[in-house]
Amino acid sequence: MSAEDEAGPSQVADADTSFEVFLYMYDLSKELAKTITPTLLGKELPGVYHTSIVVHGMEYFFGSMGVVSCPVGNTNLQAPDRIISLGRSELTLGVFSDYLCEIGESSYSGTTYNMFHHNCNNFSQDVALFLTGNSIPPEVLEMPSEFLDTPLGNSLAAHYENIMKDL
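Quick note: to get my numbering, add 694 to the position in the sequence shown (first position is 1).
Since the hints were derived computationally from the structure, they do not count as laboratory data. Check each hint, because a few of them may be wrong.
As the list claims (entries may be wrong) - With a cut-off of at most 20 angstroms between alpha-carbon atoms, the simulated DMTMM-like pairs for lysine to aspartate or glutamate come out as follows: (1) K728 - E840; (2) K728 - E855; (3) K728 - E833.
Nothing here was measured: the structure is a model prediction, and the numbers come from that model.
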């Protein structure tokens with residue numbers, strides 16, 4: 695049984711039509727993390743990454759407002775520091791939009807955002823797996839736990855959690 699038979703003709707692009715999927719990586723520290731984390735944390739973190747998925751001519755990301763999209767390159771973060779091709783997807787924009795609506799109302803609503811445990815990188819990972827079956831780089835996914843495994847990171851995370859409770 696072909697993928698089209700399983701999903702139905704409206705859910706899969708034509709056999710010769712697929713869409714490239716990109717991961718956009720923005721280092722929010724602008725490389726400062728490489729310089730200061732050895733002193734502050736006792737180990738070097740390569741960056742403080744915000745990620746988004748680019749497909750179908752739009753950029754998709756997750757934050758405290760939930761799932762957000764904008765035309766490619768129109769975030770307020772300037773140009774991405776790194777662009778990685780995650781592969782190709784045959785899923786149409788309609789199927790992808792339905793998926794985004796579903797997760798945007800459940801696991802990726804704005805109220806579920808947590809800087810350390812459920813953030814833009816988790817969103818990018820889930821969307822990448824949905825679209826391509828490929829993962830984003832492990833160092834991006836492991837960054838929060840690398841930070842939290844330090845005394846300063848643990849302390850700042852506890853402070854963050856207390857602030858978020860009061861909001």
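For this session: Could you tell me which of the hints above the structure violates, numbers in ascending order?
Result: 2
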